[in-house]
Amino acid sequence: MTTSPSSTSTSGDEPVRALPSGATYVEALQDTALCFRGTDLAGAEVRVDALGRPRAISGNFAGVFSLEVGGTRYAIKCFTRAAPEQAARYRAVGEHLAGLDDDWTVGFDYLDRGILVEGVWHPVLRMEWVEGVNLLRWLDRHVDDARAVRRLAERFAHLVDRLAAAGVGHGDLQHGNLLVTADGSLKLVDYDGMYVPALAGLSAPETGHRNYQSPDRTAADFGPSVDRFSSWVIYLSLVALATEPALWRQLRDEDAEHLVLAESDFADPAGSFRLATLTGHPDARLRGLAERFLDVLLHHRAAPPPLEPLEPLDAVEPSGVEPFRDAEPAPAKSGLPSWMVDRLEPHRPAPPPSARFGDRPRALTALTWALAVLLPFGVPAAVLVDEALALADASALLAWAAATAAGYRRRPERAQARAARAERKRLVAARLAAEAEAARLDREAERIAAATAAVKAEQEQRRRALQQRHDERLREHQRAVKQHLDRIDQERQSVAARTRLEEQRLLVRRQKAHLREELAKFRLALAGVEGVGPRQLANLQAVGIRTAADFVGVRYEQDGLDRVAIFVLADGRNVSAAGVGEVSAVLIDQWRERLTARVEAERPTALTQVEQRALRLRSTEERARLDAEHRRVLAAAETAIRELRATLRAEQVALADEMKNANTTTAHTRVDHDRAATEAAVRLERAERAAAEGVTRADAFRPITYRRYLRFLLTGKN
Amino acid sequence: MTYAAEISRANPSCFVFLVDQSASMNDPIGGGRQRKADVVADALNRLLAELSVKCAKEEGVRDYFHVAVIGYGHAVGSAFTGPLAGRDLVPLSQVADQPARVEKRTKKVPDGAGGLVETTTRFPVWVDPVAHGATPMCRALATAESLVSDWVARHPDSFPPIVLNLTDGESTDGDPAGAAWAVQTHVTADGAALLFNLHVSAANTVPVTFPDTDVALPDTYARTLFGMSSLLPPHMRFYALQQGLQVGDLARGFCYNADITTLVQFLDIGTRATDLR
Numbered sequence: 001m002t003t004s005p006s007s008t009s010t011s012g013d014e015p016v017r018a019l020p021s022g023a024t025y026v027e028a029l030q031d032t033a034l035c036f037r038g039t040d041l042a043g044a045e046v047r048v049d050a051l052g053r054p055r056a057i058s059g060n061f062a063g064v065f066s067l068e069v070g071g072t073r074y075a076i077k078c079f080t081r082a083a084p085e086q087a088a089r090y091r092a093v094g095e096h097l098a099g100l101d102d103d104w105t106v107g108f109d110y111l112d113r114g115i116l117v118e119g120v121w122h123p124v125l126r127m128e129w130v131e132g133v134n135l136l137r138w139l140d141r142h143v144d145d146a147r148a149v150r151r152l153a154e155r156f157a158h159l160v161d162r163l164a165a166a167g168v169g170h171g172d173l174q175h176g177n178l179l180v181t182a183d184g185s186l187k188l189v190d191y192d193g194m195y196v197p198a199l200a201g202l203s204a205p206e207t208g209h210r211n212y213q214s215p216d217r218t219a220a221d222f223g224p225s226v227d228r229f230s231s232w233v234i235y236l237s238l239v240a241l242a243t244e245p246a247l248w249r250q251l252r253d254e255d256a257e258h259l260v261l262a263e264s265d266f267a268d269p270a271g272s273f274r275l276a277t278l279t280g281h282p283d284a285r286l287r288g289l290a291e292r293f294l295d296v297l298l299h300h301r302a303a304p305p306p307l308e309p310l311e312p313l314d315a316v317e318p319s320g321v322e323p324f325r326d327a328e329p330a331p332a333k334s335g336l337p338s339w340m341v342d343r344l345e346p347h348r349p350a351p352p353p354s355a356r357f358g359d360r361p362r363a364l365t366a367l368t369w370a371l372a373v374l375l376p377f378g379v380p381a382a383v384l385v386d387e388a389l390a391l392a393d394a395s396a397l398l399a400w401a402a403a404t405a406a407g408y409r410r411r412p413e414r415a416q417a418r419a420a421r422a423e424r425k426r427l428v429a430a431r432l433a434a435e436a437e438a439a440r441l442d443r444e445a446e447r448i449a450a451a452t453a454a455v456k457a458e459q460e461q462r463r464r465a466l467q468q469r470h471d472e473r474l475r476e477h478q479r480a481v482k483q484h485l486d487r488i489d490q491e492r493q494s495v496a497a498r499t500r501l502e503e504q505r506l507l508v509r510r511q512k513a514h515l516r517e518e519l520a521k522f523r524l525a526l527a528g529v530e531g532v533g534p535r536q537l538a539n540l541q542a543v544g545i546r547t548a549a550d551f552v553g554v555r556y557e558q559d560g561l562d563r564v565a566i567f568v569l570a571d572g573r574n575v576s577a578a579g580v581g582e583v584s585a586v587l588i589d590q591w592r593e594r595l596t597a598r599v600e601a602e603r604p605t606a607l608t609q610v611e612q613r614a615l616r617l618r619s620t621e622e623r624a625r626l627d628a629e630h631r632r633v634l635a636a637a638e639t640a641i642r643e644l645r646a647t648l649r650a651e652q653v654a655l656a657d658e659m660k661n662a663n664t665t666t667a668h669t670r671v672d673h674d675r676a677a678t679e680a681a682v683r684l685e686r687a688e689r690a691a692a693e694g695v696t697r698a699d700a701f702r703p704i705t706y707r708r709y710l711r712f713l714l715t716g717k718n
Numbered sequence: 719m720t721y722a723a724e725i726s727r728a729n730p731s732c733f734v735f736l737v738d739q740s741a742s743m744n745d746p747i748g749g750g751r752q753r754k755a756d757v758v759a760d761a762l763n764r765l766l767a768e769l770s771v772k773c774a775k776e777e778g779v780r781d782y783f784h785v786a787v788i789g790y791g792h793a794v795g796s797a798f799t800g801p802l803a804g805r806d807l808v809p810l811s812q813v814a815d816q817p818a819r820v821e822k823r824t825k826k827v828p829d830g831a832g833g834l835v836e837t838t839t840r841f842p843v844w845v846d847p848v849a850h851g852a853t854p855m856c857r858a859l860a861t862a863e864s865l866v867s868d869w870v871a872r873h874p875d876s877f878p879p880i881v882l883n884l885t886d887g888e889s890t891d892g893d894p895a896g897a898a899w900a901v902q903t904h905v906t907a908d909g910a911a912l913l914f915n916l917h918v919s920a921a922n923t924v925p926v927t928f929p930d931t932d933v934a935l936p937d938t939y940a941r942t943l944f945g946m947s948s949l950l951p952p953h954m955r956f957y958a959l960q961q962g963l964q965v966g967d968l969a970r971g972f973c974y975n976a977d978i979t980t981l982v983q984f985l986d987i988g989t990r991a992t993d994l995r
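Protein sequences, first through last, are from chains W and X. Per our numbering: the first sequence ends with 718, consecutive numbering throughout. Per our numbering: the second sequence ends with 995, consecutive numbering throughout.
Now the in silico label distances, taken between C-beta atoms and shown as ranges:
id : chain 1 : residue 1 : chain 2 : residue 2 : range
1  : W       : Arg473    : X       : His850    : 34 to 42 Å
2  : X       : Gly800    : W       : Asp268    : 45 to 53 Å
3  : W       : Glu85     : X       : Pro801    : 41 to 49 Å
4  : W       : Asp672    : X       : Pro801    : 38 to 46 Å
Beyond 10 Å from chain X on every Cβ pair, some chain W residues (computed):
id : residue
5  : Gly94
6  : Glu95
7  : Glu503
8  : Thr696
So, partial list: chain X residues that the calculated Cβ filter (under 8 Å) puts toward chain W:
id : residue
9  : Glu724
10 : Pro817
11 : Val870
12 : Ala895
13 : Thr906
Simulated from the structure, these hints should not be mistaken for lab results. We put the beta carbon where it would ideally sit given N, CA and C, even for glycine.
Turn these sequences into a full structure, and let the hints steer you where they fit.
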């Protein structure tokens, strides 16, 4: 982990200055008086894009701008990635190229103090401006002009030769660095990775375009032979296109950044459809060259031999080809793009003239004539003259038939016809096989599409199910938590209720005690209740009644004719006192009730402080216990939710991994299938054309039959 | 081998930028005075210009990439303004040709002789700053997922899509982790779609760039973003090392508490595809 750095350095030993980006150069170049202040380029006019901003041609390591000053146009290369010993390399390259008398070179100056960007000077490469198009665009325009392509292949082979003679390795030979000028000559640009003898011992600053380099190419490969592999790639491609322009469309996607061959062909030659197409091509010279390249690829990949150009390159001239017109797109027939024209009107060689029988064998001709003349006499002779004559006649006929049949079989025309017919059969069978394969791949495409859709639906469903399961678990958990919290709430309420009840209970008890205490202060003896004398008092005392507190009520029981007063004591016992009749008892009870009313009017209405404190303490404790439980439940709930989410995430990650793996398999299947389908389509197209040509060739031998041979013997006419 | 596919017009790749447009993007960025929304919009416009230049060839800008900029705030949708408004994945050549406008910006730059001089540059603008609403990151990621899923179906052999999420706050529409992983389940034959996350800070704190563990991250939110981010593929790690950053083998495409420098660096490294020729 790191914080933002303020400076830039590379991992290498050499400190490398940070270079502006492409867009930063574009900004700086909007004021050439400033960015080139004090140099020859000050005030130069830069070629701009539709937005009026300097127009870049970007590469991997630099952007190139076109600008004009003093009537001269230059290409200015601004570097976006630092390269080690750049200035020294360019100096060495410049010196070496200056000594050459080759037309592929483009003049340049390396200017250390080249361009001022945000106050800092950076180097630029000032180059001669070359009006030309790169090889890909050139081929897009001229691929149908086989003669022009062939001439370019020859020029390229010559260029390779010149490079080798000069001891120069370009380092990144590829379509973007090969410009074709208006007169059809080749210019090499971009000398960033160029080797010249003075640079021996250094390593390559770049390893070249992936679609042109050996899989074994490393930065250590830096020398005069560095371009050998890419030379083979380019030359073979050009020869292939000169031989059969349709390969341009058949073997590459439109806009693909390669010629006929690409990285995947070098990495897996055995599995390469493109290589197989070239090494199996009907044209023997192309086939031979392709086989040689395959041999290089299989056995000399790390150290390829020098290019072995075909000499001279006089491939079959396809008929009906437009003459090469320089720097101008070949006009498409009937306004259609060239590839479509190609598709609609496949180029086919004119049908060969019908085959004919050559010289007439004299002996057989004479024999045939003799038979033809004599045979009409045979039957009447056999009937009229002699059976033996008929026999001889028949024998002669048989001998003639055998002789002519043998003669026909010996005819070279017949062997050619047979070969052509066998070839037609083979080619038609191949076309049918290719059709079947294409159809099979079509069906497979449907199957893959259905399987992909099914996988997608299943993944969607599983994702939803996962979320649902999580939501359900969450809901369930939340329900449980809520129940728990509700119970705690209920308990809280019941604690409050209990406290209130307890308070009342204590209050009642206190009031009762108070009542008893107060009533005890009133002695019956002193009450002066009417009719209660010392005897009754003594009797009452004897059963425990002395004060107003000693009994709580009186009831009366019938005893014969009398009603007996029964006192209910404070402890609940029922007693009766001798000599205390109903009247006295009523009066006594009224005395007690009067007193009770009086005392109750002053009864305590609250608990004592001690009682209150005890009560409060108890309820606080209970509440605190419940609060703690409440908090505990909430905390546990949070943890549980976190855990649930963690579970969900873990499940999501696991599912995502699973889905990723399944989708990877699908992607590979689809890519493999798409490739197979594209190849099958091309194969079918080629098989169709080959079969059609085979049919045409075989058709030319239609006159070569035994019957026509007999006619030929008789008449000499084909 | 993964993350090594050739990027070409015949086999292009794509970028999906997710831009947080929530109300908090109005706050100034940590260590600066500019609003976060302005800084992010500026960085994106610069990046789009940079990508256009990087893919410019003789005949014009090549469609090596298709680019979507999805804003999320009061709504989730294309953040392009001008002629590209409302569009999601746009081929780079069209992006390059159709900015909303080209602003003339005047600034003072060193003249190389110790002084300052005023100069005017043309600055194309595709995305305007917006800061309004909540942070519906899950929906933004779901949008990215559908773009990515569609892309890999159409280009099964391409360099995998790269999604860069620029945010300043927590998701307001749920846990974004699931949606984030879902993005990364879509694969081409060259590897899984990449999701990189950058958190823009309002606080003036030390940014955390491309960490390879979440132990030093300050909170669960940061750890969530870390867990949502893909590992940096080797070529990006190598490039980051070249830029002088200390990145481990398990470095994630994730920055926390980013300032302006970190933001620009994050975009530079995160959009570094395999070599373009």
